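These protein sequence lines map, in sequence, to chains F and E. No gaps in the numbering here: position 6 of the first sequence is 5 in numbering that gives the first Met the number 0, and each next residue is one more. No gaps in the numbering here: position 543 of the second sequence is 542 in numbering that gives the first Met the number 0, and each next residue is one more.
Only true hints are included.
What the simulated footprint calls covered on chain F by chain E, stretch by stretch (three residues with Cβ under 8 Å from a Cβ of chain E suffice, anywhere in the stretch; the number is not a length):
| no. | stretch |
| --- | --- |
| 1 | 10–22 |
| 2 | 82–94 |
In silico lysine-lysine, DSSO-like type, Cα no more than 27 Å apart, as pairs:
| no. | chain 1 | residue 1 | chain 2 | residue 2 |
| --- | --- | --- | --- | --- |
| 3 | E | K370 | E | K541 |
| 4 | E | K541 | E | K555 |
| 5 | E | K450 | E | K379 |
| 6 | F | K25 | F | K84 |
| 7 | E | K605 | F | K84 |
| 8 | F | K25 | E | K605 |
Some chain E residues near chain F, calculated using beta-carbon distances under 8 Å:
| no. | residue |
| --- | --- |
| 9 | N602 |
| 10 | S604 |
| 11 | L607 |
| 12 | R608 |
Hint data in this document are derived by calculation from the structure and do not stem from the laboratory. If you're wondering where the values come from, they're calculated on a predicted model, not measured in any experiment. Even for Gly, the Cβ is constructed at its ideal location relative to N, Cα and C.
What follows is each chain in one-letter form.
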Amino acid sequence: MITLTHYLVLAAILFSIALVGILRRKNLLMLFFATEIALNAVNIAFAAISKYYGDLTGQLFAFFIIAIAASEVAVGLGLLIIWYKRRGNIDLDTLQSMKG
Amino acid sequence: MEKYLLTTLFAPLVGSLFAALFGMKPKKLITGIVTSLLLFASFVSAVILLFHVASTDEIVRVKLFDWITVGSLNIPFGFVADHVSVIMMVTVTLVSTLVHIYSIGYMEHDEGFNRFFSYLSAFVFSMLVLVMSDNFAGLFIGWEGVGLCSWLLIGFWYHKKDETRDVNPSISPSWAANEAFIMNRIADLGMLLGLFLIYWNVGSLQYDVVFAHVDMFNISVITLMGIFLFIGAMGKSAQFPLHTWLADAMEGPTPVSALIHAATMVTAGVYLVIRAFPIYSQIPDVGLFIASLGAFVAVFAASMALVNTDLKRIIAYSTLSQLGYMFVAAGLGAYWVGLFHLMTHAFFKALLFLGAGNVMHAMHDELNIFKMGGLGKVMKWTAVMMIIASLALAGIYPFAGFFSKDKILEVAFDTHHYILWFMLWVGAGMTAFYSFRLIMLVFFGEERYKKYGFHPHEAHWYMLAAMAPLAILAIVAGFFEHSFEEFVTRFLPEFHFHTHGIAVVALIGLTTLIALSGIALAVYKYSRGGFSEKWKETFIYKLLYNQYYIPVIYEKVFTKPYAELSRIAWKELDLRVVDATVDFIAGIIYKSGFAGRVVQSGNLSKMLRWMVIGLLILLVLVVLYSPVR
Numbered sequence: 000m001i002t003l004t005h006y007l008v009l010a011a012i013l014f015s016i017a018l019v020g021i022l023r024r025k026n027l028l029m030l031f032f033a034t035e036i037a038l039n040a041v042n043i044a045f046a047a048i049s050k051y052y053g054d055l056t057g058q059l060f061a062f063f064i065i066a067i068a069a070s071e072v073a074v075g076l077g078l079l080i081i082w083y084k085r086r087g088n089i090d091l092d093t094l095q096s097m098k099g
Numbered sequence: 000m001e002k003y004l005l006t007t008l009f010a011p012l013v014g015s016l017f018a019a020l021f022g023m024k025p026k027k028l029i030t031g032i033v034t035s036l037l038l039f040a041s042f043v044s045a046v047i048l049l050f051h052v053a054s055t056d057e058i059v060r061v062k063l064f065d066w067i068t069v070g071s072l073n074i075p076f077g078f079v080a081d082h083v084s085v086i087m088m089v090t091v092t093l094v095s096t097l098v099h100i101y102s103i104g105y106m107e108h109d110e111g112f113n114r115f116f117s118y119l120s121a122f123v124f125s126m127l128v129l130v131m132s133d134n135f136a137g138l139f140i141g142w143e144g145v146g147l148c149s150w151l152l153i154g155f156w157y158h159k160k161d162e163t164r165d166v167n168p169s170i171s172p173s174w175a176a177n178e179a180f181i182m183n184r185i186a187d188l189g190m191l192l193g194l195f196l197i198y199w200n201v202g203s204l205q206y207d208v209v210f211a212h213v214d215m216f217n218i219s220v221i222t223l224m225g226i227f228l229f230i231g232a233m234g235k236s237a238q239f240p241l242h243t244w245l246a247d248a249m250e251g252p253t254p255v256s257a258l259i260h261a262a263t264m265v266t267a268g269v270y271l272v273i274r275a276f277p278i279y280s281q282i283p284d285v286g287l288f289i290a291s292l293g294a295f296v297a298v299f300a301a302s303m304a305l306v307n308t309d310l311k312r313i314i315a316y317s318t319l320s321q322l323g324y325m326f327v328a329a330g331l332g333a334y335w336v337g338l339f340h341l342m343t344h345a346f347f348k349a350l351l352f353l354g355a356g357n358v359m360h361a362m363h364d365e366l367n368i369f370k371m372g373g374l375g376k377v378m379k380w381t382a383v384m385m386i387i388a389s390l391a392l393a394g395i396y397p398f399a400g401f402f403s404k405d406k407i408l409e410v411a412f413d414t415h416h417y418i419l420w421f422m423l424w425v426g427a428g429m430t431a432f433y434s435f436r437l438i439m440l441v442f443f444g445e446e447r448y449k450k451y452g453f454h455p456h457e458a459h460w461y462m463l464a465a466m467a468p469l470a471i472l473a474i475v476a477g478f479f480e481h482s483f484e485e486f487v488t489r490f491l492p493e494f495h496f497h498t499h500g501i502a503v504v505a506l507i508g509l510t511t512l513i514a515l516s517g518i519a520l521a522v523y524k525y526s527r528g529g530f531s532e533k534w535k536e537t538f539i540y541k542l543l544y545n546q547y548y549i550p551v552i553y554e555k556v557f558t559k560p561y562a563e564l565s566r567i568a569w570k571e572l573d574l575r576v577v578d579a580t581v582d583f584i585a586g587i588i589y590k591s592g593f594a595g596r597v598v599q600s601g602n603l604s605k606m607l608r609w610m611v612i613g614l615l616i617l618l619v620l621v622v623l624y625s626p627v628r
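Work the whole structure out from these sequences, hints included.
Written out as structure tokens, the structure is:
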């Protein structure tokens, strides 16, 4: 029997993978992937809890997140392409013009 | 009549503002002429008001606007011309007009010519606010206004350097100005407390209201009011122990000494006591204290004048002494006598100072009377007028001082204060002596100035012309005694003399006798070369010459410890505690900012790590602090 706990554990594992990706990856494209994984981990948790409580709000929220993530990726990828055209790479460490 | 009242009050202000337009410009004769003309207009209106009040007995009131209206406190900006204030208005505007005309000549070579007239007219305006206000708040504004103008004018030659006390007892004009201002500030605190007390008890500061209710209060409250108001008067009228500033105020230009530090401003204290007579007549004990202090100052100041060698300082001590006489009269309840002496004194003392100004002008600002002598030959008119003023000051018949000063002695005798009478009597002798010592040393005898290479000359004709009315008044003012008494006692309480006939004649005789012997002694001694040099070695001479060492004592007891206290507060308290704390806090913020600056590296990857760290911290906090369900 697959319970809520299993779903939540899956969501947590996915989120951790995404977090590691955010921390370790230097490629901007990979960073986007990691972000998507993190968002979808949350989506799984939302959907599972929504089913558990029989409340549709959580699933509705997941849809919202998918829509927003899609638009965010569209904008983000657009910027990324422009950046690549200008600079020739998308490495995070080179993406720095101001010094603190 | 209202328009005359307003003209009297505001003409000097207009003049002051006009002269102020040229404040920084080189000398413009027009400023002197315009201010003098406006003051003359002011004087004429004051005289018209005087005749109006005298003939109709109607008190002229003008309320310009509501000045302060907060809660139950309502202070209008109102002015009144009653029997007392109209006398003051005429005296003030008359002396000021003449001093203004005189100053055109006296200040002719001064760079600050325009500035001088602006200040001088501003002073007259403040003085008129002081005497004409119909409430204590307005009086206080004028009181502070004259203080400010006095400060500006004493320190008129502010560029002069500080000297030691041995060279110049008043150190420098700016030092003297500050001294005068600070001394007055001490006294003004007392005055303010008096005003608060009055408002607290009466709920109003209007003279009418206050004096109508004054007998309803507890005697101790009235006593406190009287004491506090008198503390204010002590500062302005330079009574002991706040007297040192007046002699030092002689650093100002001489017309200023004549107008402010002899004729008008310093009499404001006497005016206050006379104005507040309903309060003081309830508390004869305080009145007696005032009279005793006055008699003490009369003798005390006269004794310092006996040996001084500074032309202006001698006259300044004489002013101090005469203020003492006025306070004796006012303290003993003979308010009209005090006011009368105030008026006559204004005339002959201003004359004396203006004469001294002529002498200074001729001697290129030399003040040591032992460097003069024989000036009577070259400055005949000045000599004549100063002798008239000195005779009036000494109280010789028929000069003005005879009538007013004699009356004060009579009052003291009449109220059975024989000790006071005796002190005043001795004071009268001293007054006669030092006045004629000055005259003898300056105008007669050996022409010592030749040794020092001076070439004295008589002053301009218009300076002498400005002095002439004062000289005439110094001769004839005394004969108005009875009409003056009749006029002001319509407002002020009368004073009933019990001594009559032969006793009065004897008193007058005694006073005249000591005055004449004072004069005779001075003339005799100084026509034969004065006192021997040995006299200067005696303790008493040194004591008197150094003003009883009071300035030195003040410096040791108050100024030095205060300066030391300020230094400690600055170096130890402010720099080490307050500043250090503030600097420490600033340092922490600065350093932490410097250390935290690395966070803002601009590297996205690093910033994301910081974000994750923050996220984890928040998660931990949520787990730790989430309420247990």
